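Enquirer: These are the residues of each chain, in order.
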Amino acid sequence: MNAPGWMQRYLNSRYNMEVANTFVDKQMHKRLPPHTGWLHIFGSLSLLLFISQTITGILLLIYYRPTPDEAHESIKYITTQAHFGWLYRQVHAWGATLMILGLTLHMIRTYFMGSYKKPRELTWITGVMIFVLTTVFGFTGYLLPWNQIAFWATTVGTESAAKVPYIGGWLQYSLRGGDAVTGETLSRFFVVHVIILPWVLTGLIAVHLFLMRATNLATMERVGEEKKTPEECGIPFFPVHVAKEGVIAVLLIAVLVTLSVLSPWEIGLPADPLNTPPHIKPEWYFLPSYQLLKYFQGPYGAFMGIIACSVPFGLLLLWPMLDRGKERHPRKRPLAVGLGLIGLIGALSLGYLGHVSGLEKSYFGARYHFSEKGWPTRVADDAPPADNGGH
Amino acid sequence: MKEQSTDPTRRGFLDVFIGICSAIMGAFVAIPGLMYLWPAAKGGAGEEVEVKGAKNLSAGESNILQVKGKAVLVVRTNSGFEAYSAICPHLGCLVKWEGVKREFLCPCHAAVFDSKGQVLSGPSPGPLSPYKVKEVGEKVFVSAV
Ligand code: HEM
Ligand code: FES
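So the sequence lines, in the order shown, correspond to chains D and A.
Under this note's numbering, the letters of the first sequence match residues 1 to 391, in that order.
Under this note's numbering, the letters of the second sequence match residues 392 to 536, in that order.
Treat the hints with care, as some may be off.
Straight-line C-alpha distance at most 30 Å; calculated DSSO-like pairs for lysine-lysine [claimed, not checked]:
no.: 1; chain 1: A; residue 1: K487; chain 2: D; residue 2: K118
no.: 2; chain 1: A; residue 1: K461; chain 2: D; residue 2: K373
no.: 3; chain 1: D; residue 1: K332; chain 2: A; residue 2: K487
no.: 4; chain 1: D; residue 1: K373; chain 2: A; residue 2: K459
no.: 5; chain 1: A; residue 1: K525; chain 2: D; residue 2: K163
no.: 6; chain 1: D; residue 1: K163; chain 2: A; residue 2: K487
no.: 7; chain 1: A; residue 1: K461; chain 2: D; residue 2: K163
no.: 8; chain 1: D; residue 1: K361; chain 2: A; residue 2: K523
no.: 9; chain 1: A; residue 1: K487; chain 2: A; residue 2: K525
no.: 10; chain 1: A; residue 1: K487; chain 2: D; residue 2: K361
Derived by calculation from the structure, the hints in this document are not laboratory data.
Nothing here was measured: the structure is a model prediction, and the numbers come from that model.
So here's chain D without its partners, still in its complex pose (with noise of 0.2 Å):
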């Protein structure tokens, strides 16, 4: 890849072009170690979608009013009214779906193929911020069409904030910009949604793979052990990986715009602050931790909760520090593997159960009620069939 013949004499007569052009060919030709396939895609995967997110964010900008009087319908206006508006607010809703599966996949990757030990610390532990600011994102986004279910999933989820120890009230009251969720909050959560994150994940992304770049990519041989391979045996960047993206990125267009025209994000009824719908759930993402809370009761209960849930994450973001055994191929590292196995099958599971929660579901022909903590009840076939919500 090289810039036109005509740009280049111009910059050269003009600047010392070497060091930037040893960068970029240095870049571009680099050899990846020869075992990089498509699992290891899923990077570049959340990358473009990030990109998709600006792009597409930027152009809802133009139309969106972030005010409780006409933000929903200003969404509905630019589903409705502006060429092409739909199409914009499907891929990002999307893509915001999309973006935490990739960085999930991403991450189950590199965990169980041990690349997040020495030298890559630093490189997982931005991961895992890069994650979790992603969930920020998409929970800062889901408020702004200013609908009932996002007016009442952000009631739900910052009163959750006020359970934290010690500064819980403190922090409810500053996210929300005052006792209750009002445009206050809908200003607030704006300003962290399209200005704030968006350059603080730009940051870390560029950290990030700055780190990828200055340590390549692991290998799966033993910390400190690894063989040096020959120049002539490691699989170039470009072409043999960047024809991979290319790949993922036509694919990933394809998903998103079919997800777009057969199952559309709803605009709902628009935020009525004296009014609270049945069956208020936050995005799927936050389920685990949802449910979670659920299980802990009583005088300390919502402390422990916090606790429960915060633990997960404490442990992700310091695993490289707290597994330090040099082993990287999965089946050496029974215990790392199982933990992670566990964290999983745990996380879907409460998903699940979040999920189903309160609701009414058809099995094998049968159809039970499940409680709020989950747990199923045989309802009688003659029974009405209960209100599961509408969406």
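Based on the hints, put chain A with the ligands in the right spot on chain D.
Expert: Relative to the frame of chain D, chain A with the ligands by itself:
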């Protein structure tokens, strides 16, 4: 010059001194910024809100309104009016008054409260807090206690 910068105690002192000065300067810049983020209070202290159409409610019926931005349920009992916070102490959804059962029910995780706001069942860690009700002739006013 050279002598000064290599004197370890003098140098250490200067480092600390510059550090403290920078910290004070930083605080001068940061504190107003942090205070700006803290929401300024809105609404008067003893706000009294009139319950519109209160006298048209029959016993067992309710009305919802906002007092200082917080949702409050006014219930007509057999003897008069009572008001309770509509905000569920569990996670902040708004409870609904079930006139027939004379109970408050939360639509989010099914907390149930009796007609005095006391917990009957469900995950709420505490009761619904009461509000003050004042009847002036045909009018009914609600305010925080
Ligand atoms: C980087 C720049 C970004 C900008 C400028 C931006 C801007 C916006 C705007 C203006 C809206 C309101 C329109 C709407 O609700 O459809 C919105 C909504 C939303 N954003 Fe973003 N966004 C960005 C990135 C992200 C990222 C990285 C995520 C998540 C991973 C995200 C998740 C969401 C969600 C979930 C919504 C609600 C979607 C809906 O219901 O329509 N955004 N964003
Ligand atoms: S918010 Fe009322 S029961 Fe959970």
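Enquirer: Given the hint that A:K461 pairs with D:K163, test it: the Cα-Cα distance must not exceed 30 Å.
Expert: 19 Å, holds
Enquirer: Is the hinted pair D:K361 and A:K523 satisfied, with a Cα-Cα distance of at most 30 Å?
Expert: 44 Å, violated
Enquirer: Does the structure keep A:K487 and D:K361 at a Cα separation of 30 Å or less?
Expert: 25 Å, holds
Enquirer: Check the hint pairing D:K332 with A:K487 against an upper bound of 30 Å on the C-alpha distance.
Expert: 57 Å, violated
Enquirer: Would you mind confirming whether the straight-line C-alpha gap from D:K163 to A:K487 stays at or under 30 Å?
Expert: 24 Å, holds
Enquirer: For the pair supplied as a hint, A:K487 and A:K525, confirm whether the alpha-carbon distance does not exceed 30 Å.
Expert: Holds, at roughly 22 Å.
Enquirer: Is the hinted pair A:K525 and D:K163 satisfied, with a Cα-Cα distance of at most 30 Å?
Expert: 34 Å, violated
Enquirer: Below or equal to 30 Å on CA atoms is what counts here, so check D:K373 against A:K459.
Expert: 34 Å, violated
Enquirer: For the pair we were handed, A:K461 and D:K373, check the Cα-Cα distance against 30 Å.
Expert: 29 Å, holds
Enquirer: Tell me if the straight-line CA distance from A:K487 to D:K118 falls inside 30 Å.
Expert: 56 Å, violated
Hints 1, 3, 4, 5, 8 from the list above are not met by this structure, while the remaining hints are.
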